[in-house]
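A.B. asks: Letter by letter, the chains look like this.
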Amino acid sequence: MQAQATISNPGAFGTLLRGEANTLAGWSAHFDSRRLATHIGVIILGAGLYGAAMGWWREPLQALFVAIKFPLILLLTAFGNALLNGMLAPLLGLNISFRQSLLAVLMSFAIIAAILGAFAPLAAFLVWNAPPMTPDVKSTATYGFIKLVHVVVIAFAGVVGNARLFQLLVRLGGRRQVAGRVLFAWLAVNLFLGSQLTWIARPFIGSPQLPVVFLRDTAFQGNFYENVFHTILSLLSMN
Amino acid sequence: MNDMNPPSPIPPQIPPSTSLPLGPGQRPPGDDPAEREPIPGVVTAIECILRQPRRVMCQLRQPGSGKLIAAILFVAVVCSLIYGAVVGSFSGGVQWWAAPVKIAAGLLISALICLPSLYIFACLSGSQARLAEIFGFVSGLVMLMTILLIGFAPVAWLFSQSTESLCWMGTLHLLFAMIAMIFGLRFLSGAFAQTNARSQAGLSTWIIIFVLVVLQMTAALRPLVGTSDTFLPTEKKFFVSHWFNCLDQATRDMSRHSRDRSRSRD
Numbered sequence: 001m002q003a004q005a006t007i008s009n010p011g012a013f014g015t016l017l018r019g020e021a022n023t024l025a026g027w028s029a030h031f032d033s034r035r036l037a038t039h040i041g042v043i044i045l046g047a048g049l050y051g052a053a054m055g056w057w058r059e060p061l062q063a064l065f066v067a068i069k070f071p072l073i074l075l076l077t078a079f080g081n082a083l084l085n086g087m088l089a090p091l092l093g094l095n096i097s098f099r100q101s102l103l104a105v106l107m108s109f110a111i112i113a114a115i116l117g118a119f120a121p122l123a124a125f126l127v128w129n130a131p132p133m134t135p136d137v138k139s140t141a142t143y144g145f146i147k148l149v150h151v152v153v154i155a156f157a158g159v160v161g162n163a164r165l166f167q168l169l170v171r172l173g174g175r176r177q178v179a180g181r182v183l184f185a186w187l188a189v190n191l192f193l194g195s196q197l198t199w200i201a202r203p204f205i206g207s208p209q210l211p212v213v214f215l216r217d218t219a220f221q222g223n224f225y226e227n228v229f230h231t232i233l234s235l236l237s238m239n
Numbered sequence: 240m241n242d243m244n245p246p247s248p249i250p251p252q253i254p255p256s257t258s259l260p261l262g263p264g265q266r267p268p269g270d271d272p273a274e275r276e277p278i279p280g281v282v283t284a285i286e287c288i289l290r291q292p293r294r295v296m297c298q299l300r301q302p303g304s305g306k307l308i309a310a311i312l313f314v315a316v317v318c319s320l321i322y323g324a325v326v327g328s329f330s331g332g333v334q335w336w337a338a339p340v341k342i343a344a345g346l347l348i349s350a351l352i353c354l355p356s357l358y359i360f361a362c363l364s365g366s367q368a369r370l371a372e373i374f375g376f377v378s379g380l381v382m383l384m385t386i387l388l389i390g391f392a393p394v395a396w397l398f399s400q401s402t403e404s405l406c407w408m409g410t411l412h413l414l415f416a417m418i419a420m421i422f423g424l425r426f427l428s429g430a431f432a433q434t435n436a437r438s439q440a441g442l443s444t445w446i447i448i449f450v451l452v453v454l455q456m457t458a459a460l461r462p463l464v465g466t467s468d469t470f471l472p473t474e475k476k477f478f479v480s481h482w483f484n485c486l487d488q489a490t491r492d493m494s495r496h497s498r499d500r501s502r503s504r505d
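Quick mapping for you: the protein sequence lines, in order, are chains A and B.
The numbering of the first sequence is the numbering used here, which starts it at 1 and goes up by one.
The numbering of the second sequence is the numbering used here, which starts it at 240 and goes up by one.
Worth double-checking, as some hints may not be accurate.
Cross-link-like lysine-lysine pairs, in silico, DSS-like; alpha carbons within 30 Å at most [as the list claims (entries may be wrong)]:
(1) Lys138/A x Lys476/B
(2) Lys147/A x Lys475/B
(3) Lys306/B x Lys138/A
(4) Lys147/A x Lys476/B
In short, the hints are calculated from the structure, not lab data.
Next comes chain A alone, as it looks inside the complex (with noise of 0.2 Å):
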């Protein structure tokens, strides 16, 4: 007996990783609450699994608060930014909707925590090796090994997201030039609001001289490009 025609992919899933453009135009031309549903469900799910196991080393507690801060970064600044989204898209001569920038970035959005629930496995696997986090564990080569690691695994998913994206951007614009003056507007409005709203959920890693707590009292107290300021100034009286 001779078996069945092989059966391709047809998960929607599938279809966002491998950034079908014109599958992806089309979604996003209309509107439908389900699939509006399952890209907020893949951000949640995949950015809190990843945010699980980032705060998992600290203590399991602070890995409950980065389950839920890293979700919510995502999605604030995605509905943060989405009418400035929205009205610069146009201006820099991408003819698109407002619902139709919403619903590209949260596509974006949505790869980037796929990528990041499929590695929150790998992650843990690497926490779980890890020695216990002790007072002195800054000056350790682990803990500077998880940081890069998770700042190598997030800056994939970024790159991915927003690769993906552009491709999203051509496809609706017509235009290579245009897709990539859009994204990289969108990436600035983005990058300056979800930087500090990263600043404010923090600590995500988490101290073990510090107690695990979802905000930090200082967390509204400065902002991130003023820490980058300060620390640039330390720098310079240094030398």
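Assemble chain B onto chain A, guided by the hints.
C.D. replies: Quick look at chain B alone, frame taken from chain A:
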């Protein structure tokens, strides 16, 4: 009036595929009718993965491949338990059951930890493979690895009975595992190439991750070869640091041994 455009006897050209080109002598999966024959049982599955890997790849891509995957996993678990017993025979005692359990569980957990990232890399490479297919390919990788380990088992057993060096036995098992892994990964690469993937870069990255996870698992579940008071280690270590410690210990043991011998001669 004559038809200006008579129908051409040549069928229209299929547009060139953007997936990975098949190498010289390579055929698409299921091209040979023998490859489309279902794999009925465990014994056939073992024979096929060694002699007709393309038949296994083809069958794993069919709907309802669950039974085949279950058979593959069953073989992988049995083979890893047998090889684990050979590993445990070096120390005996608790290791008779601890080593097989650790090796079987370690391999399966490594595969499960790495499965989601392989699926993501497959999708990012443009592959059309479903998660179930990817799971089947990874199961095939583990099965081929463990079957090959069974092939090495008599050699490993002979050495474990004739040496007392923990370091030597650890290195030997690691060498066998690496050889088995190379063949297993070759099977996986072959299967991956047939899923319309446009690039192998994602798979290459995943292979590095998988090898690192398996190596780390040897440190996380230690001791596999030697003995310990506890089932799992109380101290967390990365595998490189664990190996260096083992080598250091072996060097000290050897120098003490040679000192003792020279003293006894005096």
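A.B. asks: Are the Cα atoms of Lys147/A and Lys476/B separated by 30 Å or less?
C.D. replies: 17 Å, holds
A.B. asks: Compare the distance between the alpha carbons of Lys306/B and Lys138/A with 30 Å, and conclude whether the hinted pair is satisfied.
C.D. replies: 49 Å, violated
A.B. asks: Check whether the Cα positions of Lys138/A and Lys476/B lie no farther apart than 30 Å.
C.D. replies: With a Cα-Cα distance of about 17 Å, the restraint between Lys138/A and Lys476/B holds, given a limit of 30 Å.
A.B. asks: Just to be careful, I want the Cα atoms of Lys147/A and Lys475/B compared with a cutoff of 30 Å; is the pair within it?
C.D. replies: 18 Å, holds
Taken one by one, the earlier hints fail for this structure only at number 3.
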